[in-house]
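Enquirer: Please put together the full structure from these sequences, using the hints given.
According to my numbering, the residues represented by the sequence shown are 1 to 230, in order.
Mixed in with the good hints there might be a few duds.
What the hints assert, rightly or not - Below, simulated SDA-like cross-link-like pairs (lysine to any residue); rule was C-alpha separation at most 20 Å, straight line: (1) K123 - A133; (2) K123 - L113; (3) K123 - L141; (4) K123 - N138; (5) K181 - F200; (6) K181 - G198; (7) K123 - R152; (8) K123 - L110; (9) K123 - L220; (10) K181 - L199; (11) K181 - A195; (12) K123 - N149; (13) K181 - L194; (14) K181 - I169; (15) K181 - M197; (16) K123 - S111; (17) K123 - P139; (18) K123 - L150; (19) K123 - T146; (20) K123 - P226; (21) K123 - N223; (22) K181 - V193; (23) K123 - V147; (24) K181 - L171.
Hints in this document: simulated from the structure, not taken from any laboratory.
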Amino acid sequence: MFSSFDDHNVSVTSLYMMMWLGPVFFLYLFCLKKWIVLGGFGEFTSLLELISFCQTHRSLAGRYLGGFCQVMCSFFIILVTFNFSGLAPYCFSITAHIGFTLSFGLVLWLSLLISGISFNLLKVLQGLLPSGAPTVINPFLVLVETVSNLCRFVTISIRLMANISAGHIILGLVGMVLCTKIFFYGDFWELEVLAGMGLFCFEFCVALIQVYIFCLLISLYSNEHPEVSF
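Expert: This is the structure we're talking about:
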């Protein structure tokens with residue numbers, strides 16, 4: 001049941017290459033649709049692009065940061081593809097590992113932080129102190145806000161990893177129970193198969209929603225970026 005989480009349990013039959021071919025394939029379609037008209041896959045990538053673009057525009061600062069929308073669209077498509085490929089049987093689920101999600105979260109969070117400091121360091125430091133706070137507790141509030149900001153990439157990474165891991169574990173448990181009931185009992189196997197398909201569709205939606213939340217939180221964090229003036 002936990003073999004899909006073991007990165008050392010890789011063989012030719014484990015569909016390990018799907019983890020890397022999937023994102024490359026979607027990015028290829030994403031670029032290809034700029035020149036030719038594609039079918040269902042092209043429409044799907046266009047839908048992913050539209051979703052990521054709309055949620056990025058929720059951020060006021062994100063609209064004016066150079067390349068922010070393109071970066072978030074690319075990260076969104078890559079993470080969605082990794083989540084979907086992890087749902088395939090015997091495929092290594094890379095988004096269920098904290099090291100991978102932490103690397104994504106750290107890069108995005110640190111990029112916004114460095115960009116904000118380079119634009120206006122004073123504005124970034126002002127954001128650590130809520131307006132109207134009593135003078136006595138100002139040092140404590142600054143410490144709390146600093147720790148909170150430093151932990152942001154950790155919380156969003158753990159959120160993504162935990163939800164994807166829980167989904168794979170539930171799918172594995174339900175799959176073993178359904179296989180046991182079908183092979184040893186055989187009664188009402190049609191309903192059991194439909195229930196398994198319904199759970200898989202639910203996890204499919206969860207994989208998409210978790211990436212949406214991950215990118216949405218990054219976009220909301222960019223609201224604290226100093227205003228970009230031209």
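Enquirer: Hints broken by the structure, by number, lowest first?
Expert: none
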